[in-house]
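Student: The chain contents come next:
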Amino acid sequence: MQWSELEREVIRCIRCGACQSVCPVFREMRAESTVARGKISLIRAVIRGEVDAAGPAFAERMSWCLMCRACQESCPSGVNLGELMLAARRKLAEDNGLPLLKRLIFRLGLRNRRLFELGMGLGAIFQGLLLRPAPGGGGMLPRLPMGLDRRRLVSPVVARPFRARVPARVDAAGARGTVALFTGCMINYVYPRIGEAVVAVLTRNGFNVVIPAGQHCCGTPVYVNGDVPTAVELARATVDAFADLDADAVITACGSCGAALRKEYGPLLANEPGYAEKVARLAAKTRDFAEFLAAAGLTSAMKGLAATVTYHDSCHLARSQGVRGQPRELIAAVPGLTFTELKAPARCCGAAGSFSLSHYGLSRKINDHKVDDIAAGGADIVATGCPMCLMHIRDGMNQRGVGGEVLHTAELLARAYGEEGI
Amino acid sequence: MAAIKGIVGAENVLEAYEDRYCYTYDASAVTAGREGTPALVVYPGSAAEVSALLVLANAHKIPVIPRGAGSNVSGGSIPRAGAMVMVLTRMNRIVIIDRRNMIAEAEAGVITADFQAEVEKLGLFYPPDPASKAFSTLGGNVAECAGGPRGAKYGVTRDYVLGLEAVLPTGEIVKTGARTMKCVAGYDLTRLITGSEGTLAVVTKVIVKLLPLPEAKKTLLAVFADMDRAAETVSQVFMAGVVPTTLELLDNIYIRNIEEYVHIGLPVDAEAVLLIEVDGDPAVLDKQAGIIARICREQGATEVKVARDAKEADELWVARRAAFAAMSRVRPTVIGEDCTVPRDRIPEMVRAIRAIAAKYDIIIAVLGHAGDGNLHATILTDERDREEMARVEQAAAEIFTATLAMDGTLTGEHGIGLVKKKYLPLEMGEGGMMAMRAIKRALDPNNILNPDLI
Ligand SMILES: Cc1cc2nc3c(=O)[nH]c(=O)nc-3n(C[C@H](O)[C@H](O)[C@H](O)COP(=O)(O)OP(=O)(O)OC[C@H]3O[C@@H](n4cnc5c(N)ncnc54)[C@H](O)[C@@H]3O)c2cc1C
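The listed protein sequences correspond, in order, to chains A and B.
Residues 0 to 421 in numbering that gives the first Met the number 0 are what the first sequence lists, from first letter to last.
Residues 0 to 453 in numbering that gives the first Met the number 0 are what the second sequence lists, from first letter to last.
Bound conformation, chain A alone:
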């Protein structure tokens, strides 16, 4: 790719500055170079030869984006900043290469499912993510003292991943349909309980759940960092594992995974012969857990839950997949529960996948606003549809001493059904 190929998109930005009112990064950093208008100007400047794309300063500015797509949603000119950021990061990765650590994880780990599972099993990868290459390439340094920030609540990688715990197929009594579950890494390796809750709630409501064994990472973590070759491999693996399954729907319970299957695979696999049709079929079949369940309707009665619950919109669930009303509908259906809205439910929580590792301080500051809103709202439980948001919000509440639980929508419903251990 050449930078000049982006000109058609960047020139659509008329610099009105509307993105300033919604960008979570700009809100913290204030510098024009951190908001969409600034980043686009920098890409324009690269095309004009006024800024050097090979320099570290440019790459750093391109990294200051959560991919939350709030600017895109509010851009009157319809500039697709998300795609521009992906394209820029891809070009940077092509030209400059990925940092050693990311290369190690993406290329060696993620491309090889067995090795990856082994690594995750040993809990090595997540600790690995917290290391950074030492300046000058001399080796690895911990990003934070002790490997982890002592205050940071990181959910450890579980000893037995979700897919090792559940059978490949769980049948519902008197089933009305069958769905396939795409688990994603966070659920598989970190929060197997969310997976268990998804299976429990779906089977209670009359759906058999199959969990195909050949599945792996959706590719988002590598895609957003510009490693397109690895992302293509992962996307192909997912499409191969799911597109031709005999299931009514493919269910995701992670905002980012769902967005990848539905939105990103099209452009990502555009040049892969024979994939266009399969990609379209998978995209058409994929549904977020809450979206699917709300449409299918609850058939099994819940016991109820006496709690005040609020809901955080994951960027990739709300803005990328348009799922906003359905989880609220399901939550409100729980007997005995009081639902309250956050002040700004769709404002990014700052997690943004690996952004929260590479820009931890900034991502914490962004998260503080979310935690403030949660504290002001006074709910007992914050529900959300994305495990990444869940981890980051839990961490923030813990660090700020704000009480309350954070649960996936599926966990909340499972609890309302009286499921053991959830």
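The calculated lysine-lysine pairs, modelled on DSS-like cross-linking and capped at a C-alpha distance of 27 Å, are:
hint, chain 1, residue 1, chain 2, residue 2
1, A, K342, B, K120
2, A, K342, B, K310
3, A, K342, B, K216
4, B, K120, B, K217
5, B, K120, B, K208
6, B, K421, B, K439
7, B, K4, A, K364
Derived by calculation from the structure, the hints in this document are not laboratory data.
Please arrange chain B with the ligand on chain A, whose structure you already have, making use of the hints.
Tutor: Just chain B with the ligand now, with coordinates in the frame of chain A:
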């Protein structure tokens, strides 16, 4: 540099070229580019810091460009090489909202919409509502004397500014006006600074008057098959004794492109629509809306719709605010002119704009805060096409001449900036220009504050 960091703190100075480069533009089509990249960008936190920075800049003759959100469309915050861009957004405290006296005082970097939301919580109302209010700053509004759709009834920023705290280019901190409704002590420096486009002083605090929040409003959409009829309707409404809060005129190009962005069912085949709002006591709103609807029909409106509820009305206003930027869907470069004529000459002005567009074979869409005679002739073009840009330039010049011939003004709210600088003498005359230069010299002897604007 060390001295500057000493004043504001190192964390409030941007030095990296890539960061500085992002201050070479604003929302106008003008950019300074690599050659005009400022030497540094500073974010002062108080009037005292602004003062210290200006004293330093004055001593070293460093040009200073004040900046809020950089949303102006006149090239008013474009720097030059070696300049210091002074961004006021760190100064974003609302000092007081005083219900008993119905005034408020806020720092220059407060975002307009945030300020409005806070006063409205107390049942108060700050009317100036530029379409950019979600991101523009109060300081920028004062510097440009911003207007907005509600101007038809409520006027512009100037009409609400009671006093200012501002820092002169030589560093003196001055307080103008007072927290009172009237004040005739000394020259009216408040008005002098308001609308001075950051050439006379850096505004650090604004004292504004507030109104009671209107109890209710009603929004109407009148659809016309003929532009002339729509334009004629504007003054007819006022002549019937009704003063709408807002009266906006949109042509077919605008209607189609806004609809493409918001999908709320605007009539894409209409030649023109009037978007009208009345506010106040709910008891009289229906009557006023009835009068307006009748006049629109008499003038030939094919349909008059009244928004059923607040949500429907809101949709229309969100659509309206998106109008300008939505135009970039047609052509990548959007130049919003800002000519304003006496209200009864709107039909004539619209005809003139359309004739000029035809003559130079360019696309000019028309949208207007028609209620106050302010027409945004919007030129849709492509800055990369030099030949077309030359025609655009000629067309703009002709629009300006036509405006002045109709007793109008070159700019109703966007400001002169760099964009219209060369046309200003046409309106001000030699004497006017001389007076302005004398004032500028007196307050800014070294010409450091936004020096390229005048
Ligand atoms: C989509 C869109 C819609 C718009 N709609 C309207 C509208 O309806 N009505 C309208 O009037 N305008 C409108 N504008 C123009 C613009 O938003 C206004 O001019 C606004 O007042 C600029 O505020 P700002 O904070 O962005 O100032 P900036 O653009 O940063 O600065 C504007 C000028 O003021 C000076 N300045 C800024 N802050 C200070 C300060 N504290 N002290 C001294 N000088 C200062 C700058 O040097 C510059 O000359 C619109 C712009 C856009 C992009």
